[in-house]
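A.B. asks: Got chain S; can you put chains E, C, R, F, V and G on it based on the hints?
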Amino acid sequence: MKLVPLGDRVVIKQLIAEETTKSGIVLPGQAKEKPQQAEVVAVGPGGMIDGKEVQMQVKAGDKVIYSKYAGTEVDVENEEFIIVKQSDILAVIE
Amino acid sequence: MKLVPLGDRVVIKQLIAEETTKSGIVLPGQAKEKPQQAEVVAVGPGGMIDGKEVQMQVKAGDKVIYSKYAGTEVDVENEEFIIVKQSDILAVIE
Amino acid sequence: MKLVPLGDRVVIKQLIAEETTKSGIVLPGQAKEKPQQAEVVAVGPGGMIDGKEVQMQVKAGDKVIYSKYAGTEVDVENEEFIIVKQSDILAVIE
Amino acid sequence: MKLVPLGDRVVIKQLIAEETTKSGIVLPGQAKEKPQQAEVVAVGPGGMIDGKEVQMQVKAGDKVIYSKYAGTEVDVENEEFIIVKQSDILAVIE
Amino acid sequence: MKLVPLGDRVVIKQLIAEETTKSGIVLPGQAKEKPQQAEVVAVGPGGMIDGKEVQMQVKAGDKVIYSKYAGTEVDVENEEFIIVKQSDILAVIE
Amino acid sequence: MKLVPLGDRVVIKQLIAEETTKSGIVLPGQAKEKPQQAEVVAVGPGGMIDGKEVQMQVKAGDKVIYSKYAGTEVDVENEEFIIVKQSDILAVIE
Amino acid sequence: MKLVPLGDRVVIKQLIAEETTKSGIVLPGQAKEKPQQAEVVAVGPGGMIDGKEVQMQVKAGDKVIYSKYAGTEVDVENEEFIIVKQSDILAVIE
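Protein chains in written order, with full-length UniProt numbering: chain S, 1 to 94; chain E, 1 to 94; chain C, 1 to 94; chain R, 1 to 94; chain F, 1 to 94; chain V, 1 to 94; chain G, 1 to 94.
Just chain S, same shape as in the assembly (with noise of 0.2 Å):
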């Protein structure tokens, strides 16, 4: 099972704290949500969105920052996504 956006959709998935914890030690432990920071899953088509052409800058596997309260979140099979405009997406984390 698996979800395809339509049009400028972007399923993200949210990024557990303990891949990025600054000191290098890993707290598998203590995996807690980083706010605004999600993965993407699948992107959309694109095109013409709204009366306006969209072209999509994000790929799966992107790390993002999203903008708060955006997006719809849906529970597929028991894992938790997040699908957003391509527009809430805010940056690419490098």
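These are calculated hints, taken from the structure and not from any lab test.
Mixed in with the good hints, there may be bad ones.
To be verified - Derived DSS-like pairs: lysine-lysine, alpha-carbon spacing no greater than 27 Å straight-line:
no., chain 1, residue 1, chain 2, residue 2
1, E, Lys85, C, Lys2
2, F, Lys52, C, Lys52
3, E, Lys2, C, Lys63
C.D. replies: Just chains E, C, R, F, V and G now, kept in the frame of chain S:
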């Protein structure tokens, strides 16, 4: 009796949870609605909507995720449908 | 006395429940309004509406589903009508 | 003294109920306003309004249904008028 | 000291009631403001306003009806003026 | 240190009342702010703003009336400025 | 780890007050945030944003005034950033 949506409207019907239980065990007595998951029943013709060309990208039978709170619930011959704009459909489930 | 809608307006009249009871038994004494189901009474000419070309896609006699809370109720010679924009009509019932 | 509306504005005057009583009996002592029914008194020239070409479709003398809460009431020489935009006029009564 | 409005702004000054008393009797001691009636004092140049061409259609000296609550009251050398956009002027009184 | 506004922004500084007292008597000890009257300090370059061409029509030194509640107050080196969009400037005082 | 803003977004970092104290005395122990003053850290590519061409006019290193309440605060590796749209940047401080 059939619902024929106008413009970029899509008639959908909410999915019942039993058919997607992960464990594989079907529990027909516990049918409960799956939030935001629906099956497309009928699709409008698209065309010029509010001055903008809209092409329809879903078709009858598609399973979709739609935006919470979007659309209008209608009751036709004791069946519950929801009529949404295509832009309220976030993703197709494959 | 006749209502001639302007622009993309449509005059509709709410349907009464008796004519669609599923069992086939007509209960004239219990006539109650069917929410959001109406019959089209008169259709405006369409044309340039707020800077956008609108073509009318419903016609007098069509049974339609319209958007809850949309439109303006008017009383002409003790008959109740609702005047909506065509974009408030979600689907035709066939 | 005369009101000359600008742009797509229309000056209307609310109709008094006595002239449309269905039974044919005129009750001049009971004149009460008919909600949303008015007679067109003066019509603006139309033209480019907010960047969009507007053609005027009503004329002085037309009886019209207008949108509840629309428009501005003005008092000129103790006569009450309402100034609305043409788009607030829903239908002409013929 | 003079107010020169920018763009599609118009400087107006509210009319005082005495000059329009219907009976013809002038009551200078009772001067009270006439709601929404004003005299045009100065008119902006018009031109491209928010991406749209606006032509000015009122001129200094015009008596006008303006939209309730529209505009900004300003006090210049103890005289009260109101600055409105031309689109807040509903009609000219002739 | 200097504020260089972007786009259609204008940096203004509120006027102090003493310089416009009508009687001609200057009361420096009573300087109080004049609501909505300001002097232009710096003007942005204009150009394409939100998809629309904007030409700047005020210049540094102009005394202007600006819209109540518009703009953002900023404090630079203990001097108070307000940054507004040019469209929040209603009129120039000559 | 680096933030790469999308579209017309700009990553900024709030300025600390000590570096602009007027007297010239630096008080490192009292570092407090300067409201609305920030340094540009990274700038998106601009381009077609919501159907409109946007050219970026600020660059990394610029000191800017930004609009109160605008933008989204993000925390990357224990550093606080704010991501704003370029249109939320009011002025550059030179």
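A.B. asks: All the hints need checking, so say for each whether the structure fits it.
C.D. replies: Structure-based check of each hint:
no.: 1; hint: E/Lys85 - C/Lys2; in the structure: violated, 33 Å
no.: 2; hint: F/Lys52 - C/Lys52; in the structure: holds, 16 Å
no.: 3; hint: E/Lys2 - C/Lys63; in the structure: holds, 11 Å
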